[in-house]
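Asker: With the sequences and hints as input, model every part of the structure.
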Amino acid sequence: MIIGSERNKKWAWFNEIFEGVLLAYDVNILDKNGKILCGIHPYFGVKLKAKLLLFSPKPNMLVEGKVVRLTQASIHVIVLGFSSAIITDQDIREEFNYTTKYGEEVFASRSHKWHVIKVGTMIRFLVKSFDEEILHISGSLIPARTGSIRWLDKKSKNVCLADSSTTKRREVEGKSEMQDNETVGAAVSSVSNDHQIKKSKKRRWIYKQAIHLVNDTRNLQQLCYSLVWTDVITTQFPVISLT
Amino acid sequence: MGVELPIDHAESHEMEDVNISDLELVYHVREALTSVQSGDNDNYNQLVAVMHLSGRLDPDNRALLETSLKALSGAVSYIDISHHESLLVSIFGMSMWNYDPDVMDALKGLIISLAASNGKYVDSCLTMLVSNFTPPSYFLDKLKEPHGLERKHQVLSRVHAALKSIFDLVPLAPMRLLPIVVQRMPTVHNKHERLKMIVVYMENTLKLESSAMGELVRSTLLMAVVDRLIDLDMEIGWDDILHDDFSKGIFEMELEDVEEAADDAEQVGDELPSGSLSRKSLSGNLIAELLDSLMVLTFEHLESCEGTGRLIEVFEILLQSFQITVLNAYKSKFAQFVMFYACALDPENCGLRFATMLADVFVSGLYPPLTRMSAVSYLASFLSRARFLSPCFIVSLLKRLVDWCLEYCNILGGDINPKAHRVFYSGCQAIMYVLCFRMRSIMDIPRLKSQLLLMPLETVLKHDLNPLKVCLPSVVSEFLQQSKAARLFTVSETFVFNDLLESELSRAFGGLERLDMFFPFDPCLLKKSDSFIRPNFVYWSMVKTAYHGDEEDNSDEDVDEDNGDHVMVDGMGRSPDEQDLDLDEFEYSLNKMSITPKNSFSCRLDGELRQPMKMPSRIRPSTSPESL
Numbered sequence: 001m002i003i004g005s006e007r008n009k010k011w012a013w014f015n016e017i018f019e020g021v022l023l024a025y026d027v028n029i030l031d032k033n034g035k036i037l038c039g040i041h042p043y044f045g046v047k048l049k050a051k052l053l054l055f056s057p058k059p060n061m062l063v064e065g066k067v068v069r070l071t072q073a074s075i076h077v078i079v080l081g082f083s084s085a086i087i088t089d090q091d092i093r094e095e096f097n098y099t100t101k102y103g104e105e106v107f108a109s110r111s112h113k114w115h116v117i118k119v120g121t122m123i124r125f126l127v128k129s130f131d132e133e134i135l136h137i138s139g140s141l142i143p144a145r146t147g148s149i150r151w152l153d154k155k156s157k158n159v160c161l162a163d164s165s166t167t168k169r170r171e172v173e174g175k176s177e178m179q180d181n182e183t184v185g186a187a188v189s190s191v192s193n194d195h196q197i198k199k200s201k202k203r204r205w206i207y208k209q210a211i212h213l214v215n216d217t218r219n220l221q222q223l224c225y226s227l228v229w230t231d232v233i234t235t236q237f238p239v240i241s242l243t
Numbered sequence: 001m002g003v004e005l006p007i008d009h010a011e012s013h014e015m016e017d018v019n020i021s022d023l024e025l026v027y028h029v030r031e032a033l034t035s036v037q038s039g040d041n042d043n044y045n046q047l048v049a050v051m052h053l054s055g056r057l058d059p060d061n062r063a064l065l066e067t068s069l070k071a072l073s074g075a076v077s078y079i080d081i082s083h084h085e086s087l088l089v090s091i092f093g094m095s096m097w098n099y100d101p102d103v104m105d106a107l108k109g110l111i112i113s114l115a116a117s118n119g120k121y122v123d124s125c126l127t128m129l130v131s132n133f134t135p136p137s138y139f140l141d142k143l144k145e146p147h148g149l150e151r152k153h154q155v156l157s158r159v160h161a162a163l164k165s166i167f168d169l170v171p172l173a174p175m176r177l178l179p180i181v182v183q184r185m186p187t188v189h190n191k192h193e194r195l196k197m198i199v200v201y202m203e204n205t206l207k208l209e210s211s212a213m214g215e216l217v218r219s220t221l222l223m224a225v226v227d228r229l230i231d232l233d234m235e236i237g238w239d240d241i242l243h244d245d246f247s248k249g250i251f252e253m254e255l256e257d258v259e260e261a262a263d264d265a266e267q268v269g270d271e272l273p274s275g276s277l278s279r280k281s282l283s284g285n286l287i288a289e290l291l292d293s294l295m296v297l298t299f300e301h302l303e304s305c306e307g308t309g310r311l312i313e314v315f316e317i318l319l320q321s322f323q324i325t326v327l328n329a330y331k332s333k334f335a336q337f338v339m340f341y342a343c344a345l346d347p348e349n350c351g352l353r354f355a356t357m358l359a360d361v362f363v364s365g366l367y368p369p370l371t372r373m374s375a376v377s378y379l380a381s382f383l384s385r386a387r388f389l390s391p392c393f394i395v396s397l398l399k400r401l402v403d404w405c406l407e408y409c410n411i412l413g414g415d416i417n418p419k420a421h422r423v424f425y426s427g428c429q430a431i432m433y434v435l436c437f438r439m440r441s442i443m444d445i446p447r448l449k450s451q452l453l454l455m456p457l458e459t460v461l462k463h464d465l466n467p468l469k470v471c472l473p474s475v476v477s478e479f480l481q482q483s484k485a486a487r488l489f490t491v492s493e494t495f496v497f498n499d500l501l502e503s504e505l506s507r508a509f510g511g512l513e514r515l516d517m518f519f520p521f522d523p524c525l526l527k528k529s530d531s532f533i534r535p536n537f538v539y540w541s542m543v544k545t546a547y548h549g550d551e552e553d554n555s556d557e558d559v560d561e562d563n564g565d566h567v568m569v570d571g572m573g574r575s576p577d578e579q580d581l582d583l584d585e586f587e588y589s590l591n592k593m594s595i596t597p598k599n600s601f602s603c604r605l606d607g608e609l610r611q612p613m614k615m616p617s618r619i620r621p622s623t624s625p626e627s628l
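Protein sequences appear in the order of chains A and B. Numbering follows our numbering, with no gaps: position 113 of the first sequence is 113. Numbering follows our numbering, with no gaps: position 440 of the second sequence is 440.
Honestly, I wouldn't trust all of these hints.
Claimed, not checked - With a straight-line Cα cutoff of 25 Å, these simulated BS3-like cross-link-like pairs (lysine-lysine) come out:
| hint | chain 1 | residue 1 | chain 2 | residue 2 |
| --- | --- | --- | --- | --- |
| 1 | B | Lys120 | A | Lys58 |
| 2 | A | Lys32 | A | Lys47 |
| 3 | B | Lys144 | B | Lys528 |
| 4 | A | Lys66 | A | Lys118 |
| 5 | B | Lys544 | B | Lys399 |
| 6 | B | Lys469 | B | Lys419 |
| 7 | A | Lys128 | A | Lys58 |
| 8 | B | Lys207 | B | Lys528 |
| 9 | A | Lys58 | A | Lys35 |
| 10 | B | Lys462 | B | Lys527 |
| 11 | A | Lys128 | B | Lys120 |
| 12 | A | Lys101 | B | Lys70 |
| 13 | B | Lys164 | A | Lys118 |
| 14 | A | Lys157 | A | Lys66 |
| 15 | B | Lys462 | B | Lys484 |
| 16 | B | Lys70 | A | Lys118 |
| 17 | B | Lys419 | B | Lys331 |
| 18 | A | Lys118 | A | Lys101 |
| 19 | A | Lys66 | B | Lys164 |
| 20 | A | Lys66 | B | Lys120 |
| 21 | A | Lys128 | A | Lys66 |
As the list claims (entries may be wrong) - Sample of chain A residues lacking proximity to chain B, with all beta carbon distances greater than 10 Å (derived):
| hint | residue |
| --- | --- |
| 22 | Lys35 |
| 23 | Phe44 |
| 24 | Lys58 |
| 25 | Arg69 |
| 26 | Gly81 |
| 27 | Ser84 |
| 28 | Thr88 |
| 29 | Asp89 |
| 30 | Tyr102 |
| 31 | Val116 |
| 32 | Lys155 |
| 33 | Asn158 |
| 34 | Cys160 |
Since the hints were derived computationally from the structure, they do not count as laboratory data. Predicted model, so just to flag it, every value in this text is computed and none were measured. Yeah, the Cβ is synthetic: ideal placement off N, Cα and C, and Gly gets one too.
Answerer: If you want it as structure tokens, here you go:
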């Protein structure tokens, strides 16, 4: 298991046991006694429970990332600094038109003047498929709720203000600092189920990690370990609580 | 305004026309690709045929290839790994070296788009770029010509720019690149034609190391570089670098003297003096030449690292690699000079670190005896030959060695036994060897002199273990001579060595590996590398011995004083012009001193002529038949 960290600049790996890239964990040691395991000296077993934060994009989930390259044929995105994504022109809805504005290549919305996607824009897009080996996502901007995050947030804010009594928002926010000090907002809403996650009141700054919260609790389970390498438990990351 | 409008309109129409035709091309290619699945291969086959265009292309074909590549860049999402296999194979087989810059740019764009479009193509794209590190074999000789150099620059700048773009788009790509770069590196097991590519390949590897993604791949790449150096080093046999005539006895002349003699001999038409060195026999040896070029490449890379303040970072990795590879390699001949040069560039950090590491390995019981003996041999040779090390630092390390030896005597003790106490004997020999080179300079500084006098050297050397009898006779006799002159200590027993370089006992402690005769930093025999090393190197003839003032005449002292000035603190490699000047002056003064090799053969015959032994100044295996 290797965890991405700015300081160590280690690789992010897809872990097959957890079916995702481990971003952070919170460990609870159940029993302070370690069990000596015959034949696997010098390792010993420690019983513990851990909450894991996993990056595990599945088809039809929404993911957010930063546009790093834009051509007429495709939009290239980087998610969480380690995962690459591509959205081809076939998967960009008709609303968007490739054009040049002020010498810059952009995808601009035909219906909404301010909805523009260019290099540096944070966008929310749908996952079509995910290559676990190289952490490469094939994405789509077909659904209406995809596009520039800033524009989508503003739009939903306006909707909310217009109808504040009954509409509940399904947004969760978290923030992190990227290595170049840009703020990455990572808000995700579920498509497949009705879980509602309340917006956290305090913004929690997590060192180098953007939170990708998955409503599907399958990915955020409490797991029991019976065997752990003792040198893996390094608490570099603060606890992330998900209430 | 009215006049301008139509023109603007016309221009924009024109622009649209151009844009539409680009788009049309892309659609055409997309159609050609999709129609394969329905069985219509004509357009697709035409496209594949265009990819195979190579050689000197006429302008039309060149333009066709360029536009096809550009159009393909816009259609990468339509390329299917199974249906379009022949197209992919032809793209990945293309060599940028065969084309003009415009086509190179188009190809570069296509490769970047392919890599970013689908995870399945990343490895192939990276492999294609890495294979473009080296030119086609017909081009290798042209690299020396201006046209060849220009082409090389055109290709490599694009290759590295493409790699950078791919890393920006696919963050995990560096991880995928590493094994590809390491596996495709030419090795000594390849045919000569492929092996000759190693220099230009290494150039690219080092360029990657200093690139933006260097931090992620530095460690693996540098270790791979050192591995290759050692591989080549090991391919050069001892026979290649030494003359056959061992029976004539010990070698006395060092590199600089021999070069001069060789030049003289060439002019006069005489043979080279017997027992002499063999830089000549190395020339024409392909492996040696390649190793020489690689070492120079590495030196230049270290210089640029030093310039950008990265030397210490890089040095740490080299040090790790040294411990794993070089230290345990069977008597590495030249690769260790990479460490020497790095230390010369930054004596206070790298020099210190290197010497301390070697001392740590020696005193640590965790390492196997051979590794410890090897480490102390490196240490002794380093402390003796590095011009840039201060006498103060050398004394501190000597103290460490002496203290360890004393502790060994007290705890383990016993009688003379070369095999059992070989680590101890190698330590003692190291101390004596260093003092042969440095005794005078240490004694000249009162503070250091008193430190040296306080060391329990006598206790160690006169112990029952009898290192004076076991260690290499040539080293011991030189040491005794100097310590007598310096009044360090004297021995009552006369050690009769009969001008022997080695003895039964020294062979016994040295073992099969002959670590008793391992002086790894003896003068470097690779010509181009040596020019970097020379300004930072202590040659035996430069050394002022403790008995120096008694024998030589005034002119020699003057010369040595001059040398002393040159030697000073700055151990940095100087520019070739400066070096040449120094060498000229030095060689002139050498002529004045008229150093001629003492004929050891006559020494042995004529027992009364007991000339002071010259230091064993070259790495060489034992003269005894068994070890050959």
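Asker: Against each hint, give a clear statement of whether it holds in the structure.
Answerer: Consistency of the hints with the structure:
1. B/Lys120 to A/Lys58: holds, 19 Å
2. A/Lys32 to A/Lys47: Given that 25 Å is the threshold and the Cα spacing comes to 8 Å, the pair holds.
3. B/Lys144 to B/Lys528: holds, 17 Å
4. A/Lys66 to A/Lys118: holds, 10 Å
5. B/Lys544 to B/Lys399: holds, 22 Å
6. B/Lys469 to B/Lys419: holds, 14 Å
7. A/Lys128 to A/Lys58: holds, 8 Å
8. B/Lys207 to B/Lys528: Distance of about 21 Å is within 25 Å: holds.
9. A/Lys58 to A/Lys35: violated, 38 Å
10. B/Lys462 to B/Lys527: violated, 42 Å
11. A/Lys128 to B/Lys120: holds, 16 Å
12. A/Lys101 to B/Lys70: holds, 23 Å
13. B/Lys164 to A/Lys118: This hinted pair holds, its Cα atoms lying about 21 Å apart.
14. A/Lys157 to A/Lys66: holds, 22 Å
15. B/Lys462 to B/Lys484: Holds - the C-alpha atoms of lysine 484 of chain B and lysine 462 of chain B are around 14 Å apart, at most 25 Å.
16. B/Lys70 to A/Lys118: Judged against 25 Å, a Cα distance of about 22 Å means the pair holds.
17. B/Lys419 to B/Lys331: The given pair, whose Cα atoms are some 19 Å apart, holds under the 25 Å limit.
18. A/Lys118 to A/Lys101: holds, 10 Å
19. A/Lys66 to B/Lys164: holds, 18 Å
20. A/Lys66 to B/Lys120: Holds. Lysine 66 of chain A to lysine 120 of chain B sits at ~22 Å (cutoff 25 Å).
21. A/Lys128 to A/Lys66: holds, 17 Å
22. Lys35: holds, 30 Å
23. Phe44: holds, 24 Å
24. Lys58: Non-interface label stands for lysine 58 of chain A: nearest chain B Cβ at 16 Å, farther than 10 Å.
25. Arg69: violated, 6 Å
26. Gly81: Per Cβ check, glycine 81 of chain A is inside 10 Å of chain B; nearest 7 Å; violated.
27. Ser84: Not fine: 4 Å to the nearest Cβ puts serine 84 of chain A too close to chain B.
28. Thr88: violated, 4 Å
29. Asp89: violated, 8 Å
30. Tyr102: The assertion about tyrosine 102 of chain A holds, with a minimum of 16 Å to chain B.
31. Val116: Its Cβ never comes within 10 Å of chain B, the nearest being 20 Å, so this holds.
32. Lys155: holds, 29 Å
33. Asn158: At roughly 34 Å from the nearest Cβ of chain B, asparagine 158 of chain A sits farther out than 10 Å, so the non-interface label holds.
34. Cys160: Non-interface label on cysteine 160 of chain A holds, nearest chain B Cβ at 35 Å vs cutoff 10 Å.
Of the numbered hints stated above, those contradicted by the structure are hints 9, 10, 25, 26, 27, 28 and 29, listed in ascending order.
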